[in-house]
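Could you put the whole structure together from the sequences, leaning on the hints where they help?
There are 2 protein chains.
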Amino acid sequence: MANDIPDIVIGRLPIYLRALVYMDEEGDKVTTSSQELGSRLGISSAQIRKDLSHFGEFGKQGTGYHIKYLIEQLRQILHLEHDWPVVLVGAGYLGHALAHYQGFKHRGFHINWIFDNNPDKIGIQMNNMEVRDIRELDDLVRREEVQMAIIAVPASAAQNIADMLVEAGIKSILSYAPINLKAPAGVQVRYSDPVILLQRMTYYLEP
Amino acid sequence: MANDIPDIVIGRLPIYLRALVYMDEEGDKVTTSSQELGSRLGISSAQIRKDLSHFGEFGKQGTGYHIKYLIEQLRQILHLEHDWPVVLVGAGYLGHALAHYQGFKHRGFHINWIFDNNPDKIGIQMNNMEVRDIRELDDLVRREEVQMAIIAVPASAAQNIADMLVEAGIKSILSYAPINLKAPAGVQVRYSDPVILLQRMTYYLEP
Numbered sequence: 000m001a002n003d004i005p006d007i008v009i010g011r012l013p014i015y016l017r018a019l020v021y022m023d024e025e026g027d028k029v030t031t032s033s034q035e036l037g038s039r040l041g042i043s044s045a046q047i048r049k050d051l052s053h054f055g056e057f058g059k060q061g062t063g064y065h066i067k068y069l070i071e072q073l074r075q076i077l078h079l080e081h082d083w084p085v086v087l088v089g090a091g092y093l094g095h096a097l098a099h100y101q102g103f104k105h106r107g108f109h110i111n112w113i114f115d116n117n118p119d120k121i122g123i124q125m126n127n128m129e130v131r132d133i134r135e136l137d138d139l140v141r142r143e144e145v146q147m148a149i150i151a152v153p154a155s156a157a158q159n160i161a162d163m164l165v166e167a168g169i170k171s172i173l174s175y176a177p178i179n180l181k182a183p184a185g186v187q188v189r190y191s192d193p194v195i196l197l198q199r200m201t202y203y204l205e206p
Numbered sequence: 000m001a002n003d004i005p006d007i008v009i010g011r012l013p014i015y016l017r018a019l020v021y022m023d024e025e026g027d028k029v030t031t032s033s034q035e036l037g038s039r040l041g042i043s044s045a046q047i048r049k050d051l052s053h054f055g056e057f058g059k060q061g062t063g064y065h066i067k068y069l070i071e072q073l074r075q076i077l078h079l080e081h082d083w084p085v086v087l088v089g090a091g092y093l094g095h096a097l098a099h100y101q102g103f104k105h106r107g108f109h110i111n112w113i114f115d116n117n118p119d120k121i122g123i124q125m126n127n128m129e130v131r132d133i134r135e136l137d138d139l140v141r142r143e144e145v146q147m148a149i150i151a152v153p154a155s156a157a158q159n160i161a162d163m164l165v166e167a168g169i170k171s172i173l174s175y176a177p178i179n180l181k182a183p184a185g186v187q188v189r190y191s192d193p194v195i196l197l198q199r200m201t202y203y204l205e206p
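Protein chains in written order, with numbering that gives the first Met the number 0: chain V, 0 to 206; chain W, 0 to 206.
Heads up, some of the hints might be wrong.
Repeated chains share a single entry, so a pair holds when one copy, or any two copies, can fit it.
[What the hints assert, rightly or not] With a cut-off of at most 25 Å between alpha-carbon atoms, the simulated BS3-like pairs for lysine-lysine come out as follows:
id: 1; residue 1: LYS49; residue 2: LYS28
id: 2; residue 1: LYS104; residue 2: LYS181
id: 3; residue 1: LYS59; residue 2: LYS28
id: 4; residue 1: LYS67; residue 2: LYS181
id: 5; residue 1: LYS104; residue 2: LYS170
id: 6; residue 1: LYS67; residue 2: LYS49
id: 7; residue 1: LYS67; residue 2: LYS28
id: 8; residue 1: LYS59; residue 2: LYS49
id: 9; residue 1: LYS181; residue 2: LYS170
id: 10; residue 1: LYS181; residue 2: LYS28
id: 11; residue 1: LYS104; residue 2: LYS67
id: 12; residue 1: LYS28; residue 2: LYS104
The hints are simulated quantities; they were obtained by calculation from the structure and are not laboratory data.
Put into structure tokens, the structure is as follows:
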């Protein structure tokens with residue numbers, strides 16, 4: 000695995016993939032160019048060509064990128080050829096929204112299990128899954144060899160949950176809690192943080 | 000306003016700001032360096048220095064950046080010296096989670112109004128706000144001169160809501176719906192998409 004590629008480059012590949020899938024769904028063209036992709040995304044065409052060149056030769060001078068082919072290649076690079084099972088912790092409002100989120104479909108992920116520690120929530124159904132007791136998490140993650148988890152619990156509980164997930168063998172955590180989590184080397188943590196997206200926009204507004 | 004600065008640079012400033020605020024809260028140091036900031040974020044120190052140099056001279060050779068000063072400067076650059084009022088559309092599970100989200104506090108945003116079109120939701124209280132009828136949105140946005148909105152409705156309704164928001168004068172939209180929205184030039188749209196964050200992590204996992 001080419002781990003010398005900067006993570007910031009890896010971070011742009013899913014953005015390219017999403018834009019290409021939208022183009023493919025629009026259905027009015029078979030090929031695209033780094034210029035077209037760049038103008039949709041607000042990223043320079045040179046950056047896109049440079050990013051993709053880390054992984055091989057995907058386009059041809061003059062004809063550009065074949066959309067479906069580049070989608071397949073990006074899915075392969077990002078290990079999305081098969082669905083990844085995901086554990087969701089937190090069956091509150093946010094957990095409920097995530098359990099029903101339509102955006103996971105066909106994009107590589109499937110929430111297979113939901114956990115909570117609240118006796119009022121354990122046992123209820125969410126999108127055809129039963130909410131499980133958090134005390135069963137360790138066993139299940141080990142048995143099913145789950146590598147990915149989403150944390151949707153309050154900030155005050157998030158570090159505890161992260162520690163439990165790491166202990167059970169989880170390697171990648173997406174957290175919605177607005178705190179900075181500590182995790183050992185070898186465990187990736189990413190944050191869904193609406194403020195980061197809002198602050199990027201206020202730069203362009205007049206207060 | 001220096002609008003010739005690449006948007007991708009603007010997009011990193013909130014990430015620097017968040018890391019600096021965490022450092023400041025940890026309270027064990029007064030200054031930091033581009034190396035230290037970079038190693039926390041997985042971004043090269045050269046990139047950080049280059050990004051910041053677009054806006055002036057914030058650090059000194061040898062002593063680095065004064066954390067509180069750089070926080071203030073970034074807040075000023077991003078127009079975060081005063082809170083931005085935000086309209087939230089959608090009072091379902093996700094809307095409820097956003098209305099109660101603790102991560103907005105002291106970071107420049109305040110959800111002041113929530114709208115929905117469901118008669119069962121209009122009138123209920125969410126975090127001390129009454130859910131309003133979507134038919135009142137246009138008047139309110141114009142009267143209060145609101146510039147920012149968050150869309151938390153199902154994908155099937157999101158484009159309609161975006162059109163209404165744009166018509167009323169909204170300039171920046173953060174959407175949680177898993178579809179690509181069309182908006183006129185001059186209106187910014189950003190997407191909260193958990194899949195983008197998950198796909199960035201699967202690159203490093205063995206399937």
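Comparing the hints with the structure gives:
no.: 1; hint: LYS49 x LYS28; result: within (23 Å within a copy, 38 Å between copies)
no.: 2; hint: LYS104 x LYS181; result: between (30 Å within a copy, 22 Å between copies)
no.: 3; hint: LYS59 x LYS28; result: within (16 Å within a copy, 52 Å between copies)
no.: 4; hint: LYS67 x LYS181; result: between (39 Å within a copy, 23 Å between copies)
no.: 5; hint: LYS104 x LYS170; result: within (22 Å within a copy, 30 Å between copies)
no.: 6; hint: LYS67 x LYS49; result: within (20 Å within a copy, 36 Å between copies)
no.: 7; hint: LYS67 x LYS28; result: within (10 Å within a copy, 50 Å between copies)
no.: 8; hint: LYS59 x LYS49; result: within (14 Å within a copy, 32 Å between copies)
no.: 9; hint: LYS181 x LYS170; result: within (13 Å within a copy, 36 Å between copies)
no.: 10; hint: LYS181 x LYS28; result: between (45 Å within a copy, 19 Å between copies)
no.: 11; hint: LYS104 x LYS67; result: within (18 Å within a copy, 43 Å between copies)
no.: 12; hint: LYS28 x LYS104; result: within (23 Å within a copy, 45 Å between copies)
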